[in-house]
Amino acid sequence: MKFSSVRYLIKDGFKGAWANRLMSLASIGVLIACMVIIGLAILISENVNMAIGNLEKENVVIVYMKDYNWALYGDELAVNDDTSSDVESGEDAENVEDTENETASDENAEETVDEKDVPDENGIKYSDYVIHNEQEAEKLRADIAALDNVAEAVYISSEEGLENAKAQMLGEQADYFTFLDDAYGNPMSAAVKVSMVDMSLFDETLEQIEKMNGVDTIQSYREIAQKINTLKQAIYVAGFWIIAILAIIALVIVSNTIRVTMYNRKLEISIMKAVGATDAFVRIPFVVEGLIIGLISALLSEVIIYFCYRVATEKIKDVLGSVISFREVSVYLLLVFIAIGIFAGIFGSFIMIRKYLKREGSEFTAI
Amino acid sequence: MAEEQLIESFADKKPAEPVIEFKGVSKTYPSGTHALEDVNIRINKGEFVFVVGSSGAGKSTFMKLIMREEKANTGYINVNGYNLTKMRRKQVPLLRRTMGIVFKDFRLIPTKNVFDNVAFAMHVVGESGREVRREVSKALSKVGLGEKARSMPRQLSGGEQQRVGLARALVNAPDLIIADEPTGNVDPNMSYEIVELLTEINKRGTTILMVTHDHQLVREFKHRVIMLDKGRIIADNAAGGAE
Numbered sequence: 000m001k002f003s004s005v006r007y008l009i010k011d012g013f014k015g016a017w018a019n020r021l022m023s024l025a026s027i028g029v030l031i032a033c034m035v036i037i038g039l040a041i042l043i044s045e046n047v048n049m050a051i052g053n054l055e056k057e058n059v060v061i062v063y064m065k066d067y068n069w070a071l072y073g074d075e076l077a078v079n080d081d082t083s084s085d086v087e088s089g090e091d092a093e094n095v096e097d098t099e100n101e102t103a104s105d106e107n108a109e110e111t112v113d114e115k116d117v118p119d120e121n122g123i124k125y126s127d128y129v130i131h132n133e134q135e136a137e138k139l140r141a142d143i144a145a146l147d148n149v150a151e152a153v154y155i156s157s158e159e160g161l162e163n164a165k166a167q168m169l170g171e172q173a174d175y176f177t178f179l180d181d182a183y184g185n186p187m188s189a190a191v192k193v194s195m196v197d198m199s200l201f202d203e204t205l206e207q208i209e210k211m212n213g214v215d216t217i218q219s220y221r222e223i224a225q226k227i228n229t230l231k232q233a234i235y236v237a238g239f240w241i242i243a244i245l246a247i248i249a250l251v252i253v254s255n256t257i258r259v260t261m262y263n264r265k266l267e268i269s270i271m272k273a274v275g276a277t278d279a280f281v282r283i284p285f286v287v288e289g290l291i292i293g294l295i296s297a298l299l300s301e302v303i304i305y306f307c308y309r310v311a312t313e314k315i316k317d318v319l320g321s322v323i324s325f326r327e328v329s330v331y332l333l334l335v336f337i338a339i340g341i342f343a344g345i346f347g348s349f350i351m352i353r354k355y356l357k358r359e360g361s362e363f364t365a366i
Numbered sequence: 000m001a002e003e004q005l006i007e008s009f010a011d012k013k014p015a016e017p018v019i020e021f022k023g024v025s026k027t028y029p030s031g032t033h034a035l036e037d038v039n040i041r042i043n044k045g046e047f048v049f050v051v052g053s054s055g056a057g058k059s060t061f062m063k064l065i066m067r068e069e070k071a072n073t074g075y076i077n078v079n080g081y082n083l084t085k086m087r088r089k090q091v092p093l094l095r096r097t098m099g100i101v102f103k104d105f106r107l108i109p110t111k112n113v114f115d116n117v118a119f120a121m122h123v124v125g126e127s128g129r130e131v132r133r134e135v136s137k138a139l140s141k142v143g144l145g146e147k148a149r150s151m152p153r154q155l156s157g158g159e160q161q162r163v164g165l166a167r168a169l170v171n172a173p174d175l176i177i178a179d180e181p182t183g184n185v186d187p188n189m190s191y192e193i194v195e196l197l198t199e200i201n202k203r204g205t206t207i208l209m210v211t212h213d214h215q216l217v218r219e220f221k222h223r224v225i226m227l228d229k230g231r232i233i234a235d236n237a238a239g240g241a242e
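Protein sequences appear in the order of chains A and R. If you're matching positions, the first sequence starts at 0 in numbering that gives the first Met the number 0 and goes up one per residue. If you're matching positions, the second sequence starts at 0 in numbering that gives the first Met the number 0 and goes up one per residue.
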């Protein structure tokens with residue numbers, strides 16, 4: 000096809016959209032309605048996903064390490080069975096902490112190395128526990144963080160662990176119970192706080208962590224994780240079907256609008272064919288027209304949905320806590336709209352015109 | 000694009016004489032109606048032929064077969080050098096570009112002005128903008144509508160609309176013009192003018208095939224007359240002036 004023909008056909012498409020502006024407006028209206036509904040469905044599901052994502056982040060797993068405290072207080076070894084030495088053990092615990100925190104100092108390190116198999120004052124040998132110092136603790140944390148499904152792995156020292164536990168159990172009154180530390184020492188092992196990327200891989204990820212050397216117990220909220228996972232799946236499936244059904248409805252309505260447009264312009268098509276237009280020549284102006292209508296609809300839908308979303312989020316912000324800002328999704332939405340617009344416009348006219356291209360002369364009047 | 004290559008390969012093909020040739024052509028519609036039966040006809044280059052006959056005589060089918068809107072069941076048809084019996088669907092636009100068609104109901108695009116309605120036929124064959132402007136102006140002047148180039152079809156009388164149709168048919172300088180009852184929707188004076196215009200075009204060498212019910216016109220203009228009845232040719236008066 001010659002360049003002058005292509006230029007003429009594109010120009011003709013624009014002219015056609017303007018000349019049949021009433022039908023063009025009807026098509027644009029229908030497309031906008033469909034796009035806005037699809038856009039809102041996307042925004043709602045994105046917001047719900049974000050809310051669930053926040054829940055997931057809070058739903059962490061605590062991995063306790065086999066450190067000195069584990070050896071000292073852990074059930075498996077039960078080394079310290081002398082119940083009368085409460086105060087001492089408290090002091091010992093502090094000593095242990097010190098040792099643990101200061102393993103970098105050569106003196107302690109040498110001492111530990113030299114007296115590897117000699118039980119200390121608490122009867123704990125070097126080989127009784129796995130995580131001997133901060134470097135080893137950090138290595139375990141890094142190993143956990145390196146797992147594919149781990150979003151974040153944060154080291155929690157035994158002091159922090161105790162503080163957290165007290166805060167959780169006792170709330171604001173925790174301060175009244177500081178004497179517990181003084182009296183009994185800190186029984187908490189160092190731990191790693193883990194949050195996951197995909198809750199559906201919860202069990203597999205736990206299994207991987209459990210296998211690591213130095214891991215004692217894992218405190219997890221398996222039931223909550225499963226519930227969140229089920230909820231997420233349900234929202235995903237529901238969202239998919241809602242958007243799919245809406246998209247099908249959009250295509251059906253748009254096809255019907257195009258069918259009416261074609262019906263109104265069957266005379267034009269019959270004349271085109273009578274003067275010797277090829278199928279491509281007949282088709283291109285309609286396709287260009289469809290493209291113009293699709294793109295205009297996409298842009299207007301984006302503007303409409305921006306205002307709708309702004310009004311809606313002002314009202315529901317308090318309920319949801321936080322919402323996705325429109326700027327974050329604007330490009331994605333516009334691309335979705337343009338895709339729908341192009342698909343509906345081009346393919347709609349392309350498919351609908353096929354029926355007319357096969358007809359000849361008087362067959363048009365019989366339609 | 001294969002279609003374009005096809006168009007180019009056929010573009011230089013000179014039409015062979017005769018312009019229209021039917022040999023033993025029959026057409027039966029799926030409904031069982033025998034529209035044409037064993038039609039043999041030969042129309043040479045430069046002829047002006049009236050096709051007459053009552054309703055249902057087979058005139059429309061005859062025209063449709065020439066335009067390749069319908070396919071014959073049996074027989075051989077050759078139009079402007081194209082063998083229509085063996086023609087593929089993609090070649091049909093090429094055949095139609097060798098002829099100009101004038102319709103009873105004008106068939107102008109209501110959303111395009113007079114100029115664009117005529118120019119449209121030239122754009123279809125891929126003519127450039129400058130050529131289109133020159134030839135469309137010439138064609139409109141020829142039919143006496145040079146002044147109304149910017150008017151919309153609805154602003155014109157029936158006769159004027161038919162003259163736009165005529166300008167569209169002749170703008171590509173075709174070898175053959177097929178006019179399907181071009182005077183059917185216009186007043187008698189205008190009918191006379193239209194046939195006069197066609198006669199003038201014919202004098203320059205273009206073959207004209209015109210279907211009409213108007214016996215007055217047939218008597219007035221002494222051209223060859225082919226009469227159809229019940230799908231058969233019952234008279235072919237080369238001298239003109241048939242009953």
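Hints listed in this document are in silico derivations from the structure and should not be mistaken for laboratory results. Take these hints with a grain of salt, some might be off.
[Unchecked claim] With the Cβ distance kept under 7 Å, some of the chain A side facing chain R (calculated, not the full set):
| hint | residue |
| --- | --- |
| 1 | S4 |
| 2 | A18 |
| 3 | P118 |
| 4 | E120 |
For each residue, glycine too, the CB sits at the ideal point set by N, CA and C.
Would you pick out the hints that fail for this structure and give their numbers low to high?
Of the numbered hints given earlier, those the structure breaks are 3 and 4, listed in rising order.
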